[in-house]
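*Asks:* Sequence:
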Amino acid sequence: MIVALALVAFSIATPLFAMRRWRLFFAIPASVLQLYLPGAGIGGFMPPLALLGGLALWPEFIRGIRILVKWPPTFILVIILLTYIVSLLWSVDIRMGMRAIIYLWVFLAIFAAIVLQLRRNERVVWNLLNITVLLAIMEAVLVIAFRISPDLEMVFLHSDLARLFINPNVIDVLFTDGQNNVLDPAKAGGFFTNGNVAGAYLWIMAMVSFLLGEWKRLRLMYLSSVFLLVAALSTGSKVVILLIAVLTPVVFMTIFWHSRKRAPAFVIMILMIGLVSSLGILASLLFGDYHDIAQTSLLQKSDSAFDIRIQIWQYGIQAFPNSPILGQGFGGWQQEYPRYAEFVGISKNYPPHNTWIYLWSQGGLLAALMGVGFVLSVVICGVRNLTHRTHMKSVSISVAMLAAYCWVFVHGMGTNFGLIGEEHMVPVLAVLLALVCAANGNRKARQVI
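So the sequence shown is numbered by the numbering used here: it starts at 1 and just counts up by one.
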């Protein structure tokens, strides 16, 4: 605990001697690796270096408060943050609440820091994204290697090295009470213990790589984007395969529609879709899953998981009338849900697996309603740029942002990402939203940037 407190104090003092670009480096690229230090725990909470990098952006948060409260998406997140703080009054697990509050605050701090940095020197932001993509390729390589050799993944998860990149608290229970789907030989997660989360993260980074290819004309980033998509398919997640099949054509069709050079754009679109599909099939053949996919539809294979989620959601519906306004507070779900789970015969450890239910449970009705408002505001701000066909760079930013957030919003209806994703996703999603804020035509946003 002494080590952790020293690190927190160091991160708070960091702005006194470290430039913003270096603090952003630890908050954004380092989020791929997280980097957990031995003995750096505070009351059971293990803060990685990536989180401490985000905490070091507190001066930018203060300077950017006007930006945050005047731009609709971030204003809504500020309200949710306040509801979380208030809900601590009736929460049974304060540590869980503090973790959610800290990561939401870090999202806002990174957003403010990026908007400010874009005004001073935008090249720093693009360089940070370049480095983040390169590190994400390491995650992609691990996913593919672990999918080819599940034994190699088990060796990694049992090693001390894994505790540097994966929360030690998660590792400690992974093979006992906290089992996750990467223990299935047909799944792979790399630095993640859940293939669904790994697939979602790789999709987000594929969109970032695609954005770099469009904005900075780095052609190699197009290939990186394809490689990241293939790695996402290699996680073995059925949901990931379905979402990639739906969203990938939409992304390329949107770029094609807004492109001035439609003929070359159309050719590139067809080639990219064909390449991703071909490599996905090749990966399935290599992993021996092709016949399973051919004989049994992905929707049928998902029936069991979906049925379990239906039962989980039914508890949320039953619990809502007991405290519709205040919710259950942090830890309330974990305290009350096990009795229902035992009655219906499913695991007692399941969280809500639904963004709206989790928002209500932890922050009350206002948090859930604000969550709906956040989704709508993000979509509106992203679509606004798509109406300006003459500004392809703004279009590419909006497409990448919308694709990343649509994945989180849609996938969040059946898992536990929340509105801003899990800890690996938070920094990148904050950057994408900040890029849209800087690029959109909202006069109020531009006046305060």
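No lab work stands behind these hints: they were computed from the structure. In this text, a Cβ means the ideal position worked out from N, Cα and C, and glycines have one as well. One should not assume that every hint holds.
Label pairs and their computed distance ranges (CB to CB) [as the list claims (entries may be wrong)]:
(1) VAL92 with VAL372: 50 to 58 Å
(2) PRO249 with LEU161: 37 to 45 Å
(3) LEU16 with ASP184: 43 to 51 Å
(4) MET413 with LEU386: 47 to 55 Å
*Asks:* Please list, smallest to largest, the hint numbers that this structure does not respect.
*Replies:* 1, 4
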